[in-house]
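Number of protein chains: 2
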Amino acid sequence: MTPINLAEKLSQISTHWDPHVVADYNDNDIMVVKFQGEFPYHLHEDTDDFFLVLKGEMTMDLEGASYPVKEGEVFIVPKGVTHRPRAEFECEVLLIEPKGVPNTGDIATAAAKPRL
Amino acid sequence: MTPINLAEKLSQISTHWDPHVVADYNDNDIMVVKFQGEFPYHLHEDTDDFFLVLKGEMTMDLEGASYPVKEGEVFIVPKGVTHRPRAEFECEVLLIEPKGVPNTGDIATAAAKPRL
Chain A
1 MTPINLAEKL
11 SQISTHWDPH
21 VVADYNDNDI
31 MVVKFQGEFP
41 YHLHEDTDDF
51 FLVLKGEMTM
61 DLEGASYPVK
71 EGEVFIVPKG
81 VTHRPRAEFE
91 CEVLLIEPKG
101 VPNTGDIATA
111 AAKPRL
Chain B
1 MTPINLAEKL
11 SQISTHWDPH
21 VVADYNDNDI
31 MVVKFQGEFP
41 YHLHEDTDDF
51 FLVLKGEMTM
61 DLEGASYPVK
71 EGEVFIVPKG
81 VTHRPRAEFE
91 CEVLLIEPKG
101 VPNTGDIATA
111 AAKPRL
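Those protein sequences? They're chains A and B, same order as listed. Taking the working numbering, the leading residue of the first sequence gets 1, the next gets one more, and so forth. Taking the working numbering, the leading residue of the second sequence gets 1, the next gets one more, and so forth.
Simulated from the structure, these hints should not be mistaken for lab results. Remember, it's a predicted structure, so these values are computed and weren't measured experimentally. Don't take each hint at face value.
Each pair may be met inside one copy or between any two copies, as identical chains are not told apart.
[Unchecked claim] Mimicking DSBU-like on lysine-lysine, the simulated pairs with C-alpha atoms at most 30 Å apart in a straight line are: (1) K9 with K99; (2) K70 with K9; (3) K99 with K113; (4) K113 with K55; (5) K9 with K79; (6) K99 with K79; (7) K113 with K79; (8) K113 with K70.
Generate the whole structure from the sequences, applying the supplied hints.
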């Protein structure tokens, strides 16, 4: 039960698309992650997906629409909505998902979500 | 389903301790709020409380401990833990609580949590 400095946590991550858990909020993982390049299109049947851009800019591709998401902006992908985050340049993101949710929508390809 | 600019939302708020809902994540309210002064000590029996300082600095007082929480820092108050946020100068915060949770811990004194 101490303050968690997100920039300090992010400084320990050198990989992309590799979310690390920094805190717990009820049954959710509070994670930081670096994006660069394109993630696969996927969906989560049972949960919304929370993104807050902490540094840089990402794009959220949906089927039929794309949104730039800039530093200080939140984007919520509602459950069941197919989406793909991408970033031309490295982008730092706060991500919230319920514990146990595969970040790719598929347990076979999901990241490990280690704790920092 | 569009990006939500937190600074733009905060620019519409002129009151303190008056959280406004800007998005929904599963059964949670994603809120922005301005802190200045001292909030009452309280607790939430059934939920953790999520704070992310977006601008400025706050202090989280617990029973027997106080923590400065700076810009870019997250503080999670676990359920059942008595706490009091305070801020000498105006501080902007992203707050997450399950829908229906009184921000004071008591429905009689809770803020309305209007939507922006």
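Structure-based check of each hint:
1. K9 with K99: both (19 Å within a copy, 29 Å between copies)
2. K70 with K9: Both. Shortest intra-copy (20 Å) and inter-copy (14 Å) distances satisfy the 30 Å Cα cut-off.
3. K99 with K113: both (10 Å within a copy, 27 Å between copies)
4. K113 with K55: both (20 Å within a copy, 28 Å between copies)
5. K9 with K79: This pair counts as both: shortest intra-copy Cα distance 28 Å, inter-copy 24 Å.
6. K99 with K79: both (15 Å within a copy, 17 Å between copies)
7. K113 with K79: For K113 and K79, the Cα distance is within 30 Å both inside one copy (20 Å) and across copies (24 Å).
8. K113 with K70: both (24 Å within a copy, 25 Å between copies)
Violated hints: none; the structure is consistent with every hint.
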